[in-house]
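Generate coordinates for the entire structure from the input sequences, incorporating the hints supplied.
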Amino acid sequence: QKEVEQNSGPLSVPEGAIASLNCTYSDRGSQSFFWYRQYSGKSPELIMSIYSNGDKEDGRFTAQLNKASQYVSLLIRDSQPSDSATYLCAVERGNQFYFGTGTSLTVIP
Amino acid sequence: DAGVIQSPRHEVTEMGQEVTLRCKPISGHDYLFWYRQTMMRGLELLIYFNNNVPIDDSGMPEDRFSAKMPNASFSTLKIQPSEPRDSAVYFCASSLTLGTTFFGQGTRLTVV
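Protein chains in written order, with our numbering: chain S, 1 to 109; chain U, 1 to 112.
Hints should not be assumed to be uniformly reliable.
[Claimed, not checked] With the Cβ distance kept under 10 Å, some of the chain S side facing chain U (calculated, not the full set):
(1) I18
(2) S20
(3) F33
(4) E92
(5) N95
[Unchecked claim] Reference listing, derived: stretches of chain S covered by chain U, where coverage requires no fewer than 3 residues with Cβ under 8 Å from a Cβ of chain U:
(6) 38–51
(7) 99–107
[As the list claims (entries may be wrong)] Cβ-to-Cβ under 8 Å is the rule here; a few derived chain U residues that face chain S:
(8) G42
(9) L45
(10) M60
(11) S87
(12) F91
(13) G104
(14) G106
To be clear, the hints were calculated from the coordinates, so they are not data collected in a lab. Beta carbons are placed, not taken as given, at the ideal position from N, Cα and C, and that holds for glycine.
Take a look at the structure:
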């Protein structure tokens with residue numbers, strides 16, 4: 001079982017819609033959770049971190065964490081074509097840090 | 001700060017040759033990571049250092065791969081001998097804490 005699992009997509013949403021990206025993790029001892037965005041041909045960049053159950057909002061982005069279900073999600077409101085990228089979920093557990101394989105998002109104008 | 005600096009940006013080499021990738025982390029960051037990214041396997045952690053000391057090298061695929069961090073501002077990843085299956089984008093990254101990681105622009109390695 002992989003430490004972090006994501007649906008590879010591709011996920012397509014129309015401009016202005018809400019994009020929902022999901023991630024599950026295998027170890028209940030995981031402590032910190034991160035979303036990275038990677039444009040094609042570029043390096044990953046951190047967009048959100050979340051450490052406790054519930055929602056965390058930053059502009060058009062909302063990260064949601066449910067430790068009981070071992071589930072992390074990222075919602076992008078009012079999706080823009082510039083949001084088209086691969087979104088990587090990452091999980092920290094002790095001295096270990098794991099990335100998922102990413103979900104490709106395309107926002108259609 | 002200029003961010004994490006990697007060199008070279010692109011490397012094409014013949015099978016069997018030695019390849020050395022270089023990285024300068026962000027000043028003050030205690031953690032340095034080497035990742036490899038391919039379409040098939042995604043982003044894989046190869047090794048990471050904390051305060052110049054290797055902490056976890058379990059991701060290094062085999063003995064052909066080695067990494068060093070002689071000081072806080074420089075690290076190398078060496079592949080000797082290189083093989084076509086090593087072709088990938090190699091990222092160096094640094095952070096103050098695990099998770100909030102800043103990536104370099106990557107080195108695209110092609111072994112022919």
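>> Tell me if the interface restraint on S:I18 is satisfied: Cβ within less than 10 Å of some Cβ in chain U.
In response: Since the shortest Cβ distance to chain U is 25 Å, the answer is violated.
>> Interface hint check: U:F91, Cβ to nearest Cβ on chain S, cutoff 8 Å. Holds or violated?
In response: At about 6 Å, which falls below the 8 Å cut-off, the nearest Cβ of chain S leaves the hint on U:F91 intact, so it holds.
> the stretch 99–107 of chain S covered by chain U? Criterion: 3 or more residues, Cβ-Cβ distance below 8 Å.
Replying inline: holds (count 4)
> How about S:N95: closest beta carbon in chain U under 10 Å, or not?
Replying inline: With a minimum Cβ separation of about 6 Å from chain U (threshold 10 Å), the hint on S:N95 holds.
>> Given a cut of 8 Å on the nearest C-beta pair, is the interface hint for U:M60 held or broken against chain S?
In response: violated, 15 Å
> Hint check: is the beta carbon of U:G106 less than 8 Å from a beta carbon of chain S?
Replying inline: holds, 5 Å
> Has the stretch 38–51 of chain S got at least three residues whose CB is nearer than 8 Å to a CB belonging to chain U?
Replying inline: Per the Cβ count (6), the hint holds.
>> Next item in the hint list is U:G42. Is there a CB on chain S closer than 8 Å to its CB?
In response: Holds. Min distance 4 Å.
>> Given U:G104 as an interface hint, is its Cβ closer than 8 Å to any Cβ of chain S?
In response: holds, 6 Å
>> Quick check on S:S20 please, does its C-beta sit within 10 Å of some C-beta on chain U?
In response: violated, 21 Å
> With a cut-off of 8 Å, does the beta carbon of U:S87 approach a beta carbon of chain S closely enough for the hint to hold?
Replying inline: violated, 16 Å
> Quick one, is the S:E92 hint okay against chain U at 10 Å, beta carbons?
Replying inline: Hint holds; S:E92 Cβ to chain U Cβ min 5 Å, cut 10 Å.
In this structure, the hints that do not hold are numbers 1, 2, 10, 11, in rising order.
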